[in-house]
Amino acid sequence: MEWTDEAYVLSARAFGETGAIVELLTETNGRYAGHVAGGASRKMKPFLQPGARVIARYRARTSEQLGSVVLEPMGEGPAALFDDPLALAGLSAAAAVAAAALPEREAHPGAFAAFEALAGAFAFPEIWPAVFVRFEAGLLEELGFGLDLSRCAVTGSVDDLIYVSPKTGRAVSRDAGEPYRERLLALPPFLLGSQGGLGEGDVAAGLALTGHFLEQFVFGPLNRPLPPARVWLVERLHAAERL
Amino acid sequence: MASFASPEIERLIALLAKLPGMGPRSARRAALALLKKRDQLLTPLADALTDAAAKVRACSVCGALDAQDPCAVCSDRSRDRALICVVEEVGALWAMERAGAYRGRYQVLGGLLSALDGVGPDNLRIGELVARARDGEVQEVILALPATVDGQTTAHYLAERLADAGVSVTSLARGVPVGGELDWLDDGTIAQALRARRPA
Chain Z
15 MEWTDEAYVL
25 SARAFGETGA
35 IVELLTETNG
45 RYAGHVAGGA
55 SRKMKPFLQP
65 GARVIARYRA
75 RTSEQLGSVV
85 LEPMGEGPAA
95 LFDDPLALAG
105 LSAAAAVAAA
115 ALPEREAHPG
125 AFAAFEALAG
135 AFAFPEIWPA
145 VFVRFEAGLL
155 EELGFGLDLS
165 RCAVTGSVDD
175 LIYVSPKTGR
185 AVSRDAGEPY
195 RERLLALPPF
205 LLGSQGGLGE
215 GDVAAGLALT
225 GHFLEQFVFG
235 PLNRPLPPAR
245 VWLVERLHAA
255 ERL
Chain P
495 MASFASPEIE
505 RLIALLAKLP
515 GMGPRSARRA
525 ALALLKKRDQ
535 LLTPLADALT
545 DAAAKVRACS
555 VCGALDAQDP
565 CAVCSDRSRD
575 RALICVVEEV
585 GALWAMERAG
595 AYRGRYQVLG
605 GLLSALDGVG
615 PDNLRIGELV
625 ARARDGEVQE
635 VILALPATVD
645 GQTTAHYLAE
655 RLADAGVSVT
665 SLARGVPVGG
675 ELDWLDDGTI
685 AQALRARRPA
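Sequence order for the protein chains is Z and P. Counted from 1, the first sequence has number 21 at position 7 by our numbering; the numbering is strictly sequential. Counted from 1, the second sequence has number 616 at position 122 by our numbering; the numbering is strictly sequential.
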């Protein structure tokens, strides 16, 4: 089995003294792990980092075995974010969530596109936290648990959607949701479209929203908590008063 | 495969094979060399291992390994006590000492913050570092941590924790290594070097 694909490195762990096991989010093959010969070398370490963009050439004798992968770096990678602590935290969180949520060896081009958009957004400190929320919403959609924000689940109205049902992930309008407001999740306007704007508390609401559904639908059934990197990201954004 | 060596030799080979850089074959060769040179190698090595096991401990001040506590670096009165260099592991401390360019003291963290591996601030010697930085003697903390996502995440965390300690916090420069040719450098290193350029 053999393929060549563009990919983002999600994680890399030392394997033996000279190699590494790398986990990739590829464009057309989904999440894949592979052995990188010489992965501990000085030449390869710079791009065996979460968020590094690479061209991966994967080869395995059979489809069941862990194959070997040869990586070629594309661009600067995560080094561009070394001076931005929040963006670094965001990158680690995105890689950890993608690695933990996506099934292995299942094509999810939407997840790759969402990660790509997020990686590009880290250069813009004001907007990337909102893009992070959209990335997680995109992951949920790829996994079959997409939020239905098109109309109110109760009235069918498309106006004034400000809540989301924590059980179904469907939008609820202001009037229909008023009696249950304590139990509903807040829906930030930027999730409804790019014209939604970004107000105070919107990113916090978005992270709470996607975090809830990731826990409920993705990590809960696996008996896993949200990845620590994602928890740390929220803590750091909160400490930096960016929520 | 049947073994022709006694259990003692097999045990020696098995233990040697666990060392970095050694596999079963090289461990067998090393064991043979040790057994052939009993007086020159085997006995002195056994004594050295016993001594190291009995005496070498982590320094209670900086976390480095030494047979004395505080370690030789921490006890050296000629060292600049206003400087603390923060390193990930003892190997990095030895690299700094080999370079001979630094005359301050150290703090060995014992790892890096890693969300992937679940290593948090409580798993590292960060509290000790902050306490040392606040003792009034220290003026500068130099963060000599790896230029990796985990290394820089740790560096930023330390900078935050030290922000109100009344010390200057600096980190090592990133860029073209001595002897490095641009043609062989990765894109990240070149971009970092370009951003950190200075008047010639």
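Incorrect hints may appear among the rest.
Below, in silico cross-link-like pairs of lysine-lysine (DSBU-like), each with a Cα-Cα straight-line distance of 30 Å or less [to be verified]: (1) P:Lys531 <-> Z:Lys57; (2) P:Lys531 <-> Z:Lys59; (3) P:Lys512 <-> P:Lys549; (4) P:Lys530 <-> P:Lys549; (5) P:Lys530 <-> P:Lys512; (6) P:Lys531 <-> P:Lys549.
Hints were generated in silico from the structure; no laboratory data involved.
Do the hints match the structure? See the list:
1. P:Lys531 <-> Z:Lys57: violated, 39 Å
2. P:Lys531 <-> Z:Lys59: violated, 39 Å
3. P:Lys512 <-> P:Lys549: holds, 22 Å
4. P:Lys530 <-> P:Lys549: holds, 28 Å
5. P:Lys530 <-> P:Lys512: holds, 21 Å
6. P:Lys531 <-> P:Lys549: Measuring from Cα to Cα gives roughly 26 Å; hence the hint holds.
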